Amino acid sequence: IAGITQAPTSQILAAGRRMTLRCTQDMRHNAMYWYRQDLGLGLRLIHYSNTAGTTGKGEVPDGYSVSRANTDDFPLTLASAVPSQTSVYFCASRGGETDTQYFGPGTRLTVL
Amino acid sequence: GQNIDQPTEMTATEGAIVQINCTYQTSGFNGLFWYQQHAGEAPTFLSYNVLDGLEEKGRFSSFLSRSKGYSYLLLKELQMKDSASYLCAVRDVSMKNRDDKIIFGKGTRLHILP
Chain A
1 IAGITQAPTS
11 QILAAGRRMT
21 LRCTQDMRHN
31 AMYWYRQDLG
41 LGLRLIHYSN
51 TAGTTGKGEV
61 PDGYSVSRAN
71 TDDFPLTLAS
81 AVPSQTSVYF
91 CASRGGETDT
101 QYFGPGTRLT
111 VL
Chain B
1001 GQNIDQPTEM
1011 TATEGAIVQI
1021 NCTYQTSGFN
1031 GLFWYQQHAG
1041 EAPTFLSYNV
1051 LDGLEEKGRF
1061 SSFLSRSKGY
1071 SYLLLKELQM
1081 KDSASYLCAV
1091 RDVSMKNRDD
1101 KIIFGKGTRL
1111 HILP
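Chains as they are written, first to last, in our numbering: chain A, 1 to 112; chain B, 1001 to 1114.
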């Protein structure tokens, strides 16, 4: 793989179910981010990690958790999904010579 | 906290020039990004300004004034494919704990007319 990947591409989920969105990068970037994007609200930061082993809360962290066991992976977990978590989720990593932030292709999640 | 403002929508004509403004307020400013996002796709990187001044990259240029909390993205010789949303984002580094976040504005939807 080259760059940053997310899985699944899309998912329909019943309310109350647990769900983990996966994100993997192969650029050895230290920083990784999870955003959700909703119409009219733009990209909102859920959680971030500046380096493996550390995480931080963004603007809208409630109902979500993350872990960063290694440099490459940054999964996002919804412990008990609710309909308001219906959104498009983007994972991103930042690093390299220009310190640029790169985005994954996104996961479209629908909670019914 | 952080606050990033940009216009919701703009319209311009093919071949013309358009300037998209972004103002921000943040306590630990450490750079400003511009991204392009086509409908249904992920954002793609356009520019990153850390120091004051103009950065030119082909048809696109980005300007930053840190003292005014202001940036703009300038698009020249507009093409129909430039119809997209343009996202302004600020890198905010906390002086207290060195937390390093990137926060986005709501984006500006640019419509190009033939």
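By construction, these hints were calculated from the structure, which means they are not laboratory data. What you are looking at is a predicted structure, and each value in this text was computed from that prediction instead of being measured. There's no promise every hint is true.
To be verified - Quick look at which bits of chain A chain B covers, simulated, 3 or more residues with Cβ under 8 Å:
#1 34-46
#2 69-81
#3 93-101
Don't be surprised by glycine CBs; every beta carbon is placed ideally from N, CA and C.
A quick look at each hint next to the structure:
1. With 7 residues having a beta carbon nearer than 8 Å to a beta carbon of chain B, the region 34-46 of chain A meets the requirement of three or more and the stated coverage holds.
2. Under the rule that three or more residues need a Cβ within less than 8 Å of chain B, the assignment of the region 69-81 of chain A is violated, with 0 such residues.
3. Coverage of a stretch by a chain is defined here by at least three residues with a beta carbon nearer than 8 Å to that chain's beta carbons; for the region 93-101 of chain A and chain B the count is 5, and the condition holds.
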